[in-house]
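Chemist: If you want the building blocks of each chain, they are given just below.
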Amino acid sequence: MSNQSGNIYGLTILSPIKDDPHGEISHSLAIRMYLQTLPVDGKGPFGKVSSTHMARLVVLDDVVYFGMPSCEEHLKSKYLIFESNFDGELEPYLKQLAAEAGDEVHNIWQHCIGYPGVQNVDAFVAYMKRCQVETTFYFADVNDKTVQQTLKALQTQSAVASFIENNQGKPPDQLQAAFVEFLRRLSIAPRPKPGSTKGKELADELL
Amino acid sequence: MSNIHGKAYAMNTVSPMKPWKTYILRLGFFVWRHYKPIGNGLVQLSFIHFARWVVVPRYAFPRLSEQQPKDDLQYDYLFFFSNFNGTWNQYIDAFSAVLFSGLNLIWRWSEKFPGSVPVTPFKNFIVRGQVETDYYYTAYPHATTNDIKAAHRVEAALDNFARQTEGMPPAKFAEAYSQFLVKVQGDLGETGEAPVGT
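Going down the list, the sequences are from chains L and G. Using the numbering used here, you'd call the opening residue of the first sequence number 1 and step up by one each time. Using the numbering used here, you'd call the opening residue of the second sequence number 1 and step up by one each time.
Some hints here could point you the wrong way.
[Stated by the list, open to error] Which chain G residues stay away from chain L? Per the calculated CB distances, all over 12 angstroms, these:
(1) Ser82
(2) Thr87
(3) Gln90
(4) Ile92
(5) Ser101
(6) Gly115
(7) Val117
(8) Val119
[As the list claims (entries may be wrong)] Below, a sample of chain L positions facing chain G; criterion: calculated Cβ distance under 10 angstroms:
(9) Met68
(10) Asp141
(11) Leu151
[Said to hold, decoys possible] Label-pair distances were calculated between CB atoms; the ranges are:
(12) Gln90/G / Pro92/L: 34 to 40 angstroms
(13) Gly117/L / Gln164/G: 52 to 58 angstroms
(14) Pro121/G / Glu72/L: 16 to 22 angstroms
(15) Ile4/G / Pro116/L: 29 to 35 angstroms
Hints are computed from structural coordinates only; laboratory data are not their basis. Don't be surprised by glycine CBs; every beta carbon is placed ideally from N, CA and C.
Okay, chain G solo, but in the shape it has when bound (with noise of 0.2 angstroms):
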């Protein structure tokens, strides 16, 4: 299936919004992006490794020759693309439960949005409105956003720890050793296969 590979989901959605009210969506990102990232949230849920939303007005899906059709168009599309870890299913009730606020203040501004609270009819909106990948690529397919962080953050102690310890005796490295166990144990999980998941 082209929307999974290694741990990596690739989803796709789109849904029509009403020209003006593409307007308030618009502000509304603005606001989040420079007085209160919605990051934070996205952060929080800590299994999406890049997520974007696009707003396409009616008039700017690219048109390259007089040849090509014009459309015509009522309404401007919201696309939301991401790339996450984890079931189609965890993903949506995560979503839903962390998120709630700020998904509404999204996608409120599309057509027959329902709400993300309760979650069934917003996982029937999504299935409504997702579009299946084709080719999905990830550079590092057995990892997840947070053995990547974990990754990065024993790398970082084991370089601190090869310089501290340079030249050291063996006593106090074995010592130094022990407190450098400590500080990287709960990041050596095991990257590998996924899960077969639902």
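Isolated chain L, as found in the complex (with noise of 0.2 angstroms):
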């Protein structure tokens, strides 16, 4: 299926965006401002559902004219594009924005046509099915990894790392003595949260 790469589903949605000439500003604006006062770490929307390794929200104002011998011409609605790349399946992972990020994807959506709100999943999902189109070609470097292992990963990586630094030189005994010490924090140490960039300190705490 071309949605997916591994275990990654690569999501697209366009979501046609309401025009109402008598509004104080255009709905598309609406969206793009509330877009800009979204916080783009783990406390943002897909931060929330922490399946979703990237995303993103753009505003298509039109299609684009690229000049003579081909042929002018202008969509009638705007649309509202999610691109999203998570684990797993796609049902689940709506229910899951839709749950875990209700109040983010109603302030967006609502700016959308035929969106019924979060509060019927079922319906929330329906909508969201209705607006997707099929990935043509999708791409996945590291399609078999989670996200959650991969910022384990990222954070073994980060405490090796200073790990070897920190013990240089040490004899033999000392040496193993560490390390059975190092392994076992590191199997209990917190884990980086989705879109923190505190992986390093976490990891340096551990020593």
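With the hints as a guide, dock the two chains, each given alone in a separate frame, to form the complex.
Modeler: Structural data, given as structure tokens:
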């Protein structure tokens, strides 16, 4: 299936945006203004949905005209593009999005035609599926690791580098004891949260 | 800037295609997927987390109510979304240098595509079709694709080393530890904030 690469799902959604000529500001501008206020770290909507590797939102005002001899044409609606790369299957992801980031989802998609709200999760999932377009060709460089596995590996990498640096020149018995203690601390260490930039600090705290 | 988050850049482009040409492009993607994965070239580049091409036929832009005006388009549209590390210029330069034949086969069906080599007209084409990102999230903003692959190798090597040296006498442990260092030394680059680019 072209929407998937290994265990990663590539979701592409085009949601038509409402057009209200009598509104104080356009719905597309309202979406853009709201998006500017959202945190981009783990406190943002996709950080709350922990299976999201990367995601973006784009307001598409119109298609692009490249000049003669091609014909100039325009869309009659603006579209909100939602592109996401996540672990697992589509329906559980959309349900988690509605459950974990319902407020943000509502504040964004309330400006879109046909949006039913997030209270009725099944209606929300059905709406998103109506807006989905099939990915024609999808590439994921690392497609067999979850977000959590990758965050853990990055933490381990950083911790190992610090351990090696801090234990240079130690006699074998002390080195081995330090390594056993290092493994113990690593196994119980808090994991970095998605979207966090504190992976290295968490690793350093182990040592 | 919303196109950039940490070490990742979100690029979006859109280009029109005559509808009959999209059948050829779809066939090309089918062939690449099943017989000669273009993914091999993208893996070689090793700075793209995720990338996708999406063909939206002229009649397939979602229309969700009778009140929504019906689009009347002559062209199908090719969307390209990429999540890559580095700067925009580095990305397009590398794309043009390494994947030029593959890129030509993908975009030659778009109107006014100048070819991926030489790079200047190609960059002008990309700039013309690029749409800015309004919100961009990544779960690991300080890590590149190479960091991620290296981290998984280090973790696997550590697990293996820990298993093999459990209960080992200290002298033998120190010897195995030296071999472990040799194995992982190339994968211990530090993650962190991206350098300022252009």
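Chemist: Hint by hint, note whether the structure agrees.
Modeler: So, going through the hints one by one against the coordinates:
Not every beta carbon of chain L lies more than 12 angstroms from that of Ser82/G, the smallest distance being close to 9 angstroms; the non-interface claim is violated. For Thr87/G, the requirement that its beta carbon stay farther than 12 angstroms from each beta carbon of chain L is met, with the minimum near 18 angstroms. Every CB of chain L lies more than 12 angstroms from the CB of Gln90/G, the least distance being 16 angstroms, so the non-interface label holds. Remark: the non-interface label on Ile92/G is consistent with the geometry, its nearest Cβ contact in chain L lying 17 angstroms away (cut-off 12 angstroms).
Non-interface status of Ser101/G relative to chain L is upheld: no Cβ of that chain comes within 12 angstroms, the nearest being about 16 angstroms off. Interface exclusion of Gly115/G from chain L stands, the closest Cβ pair being 14 angstroms apart, more than 12 angstroms. Non-interface call for Val117/G relative to chain L: holds, since the shortest CB-CB distance, roughly 19 angstroms, exceeds 12 angstroms. The Cβ of Val119/G sits about 18 angstroms from the closest Cβ of chain L, beyond the 12 angstroms cut-off, so the non-interface label holds.
At about 9 angstroms, the closest approach between the beta carbon of Met68/L and any beta carbon in chain G falls short of 10 angstroms, and the interface hint on this residue holds. Look at Asp141/L: its Cβ gets to within about 5 angstroms of chain G, closer than 10 angstroms, so that hint holds up. Nearest Cβ of chain G to the Cβ of Leu151/L: about 6 angstroms, under the 10 angstroms cut. The hint holds. One distance hint, 34 to 40 angstroms for the beta-carbon pair Gln90/G and Pro92/L, holds here, with the actual separation near 37 angstroms.
A hinted range of 52 to 58 angstroms for the beta carbons of Gly117/L and Gln164/G is consistent with their spacing of about 55 angstroms. Under the hint 16 to 22 angstroms, the C-beta atoms of Pro121/G and Glu72/L, about 21 angstroms apart, fit the expected range. Distance hint check: the CB atoms of Ile4/G and Pro116/L are about 34 angstroms apart, consistent with the given range 29 to 35 angstroms.
Figure legend: structure checked against the earlier numbered hints; the only hint not met is number 1.
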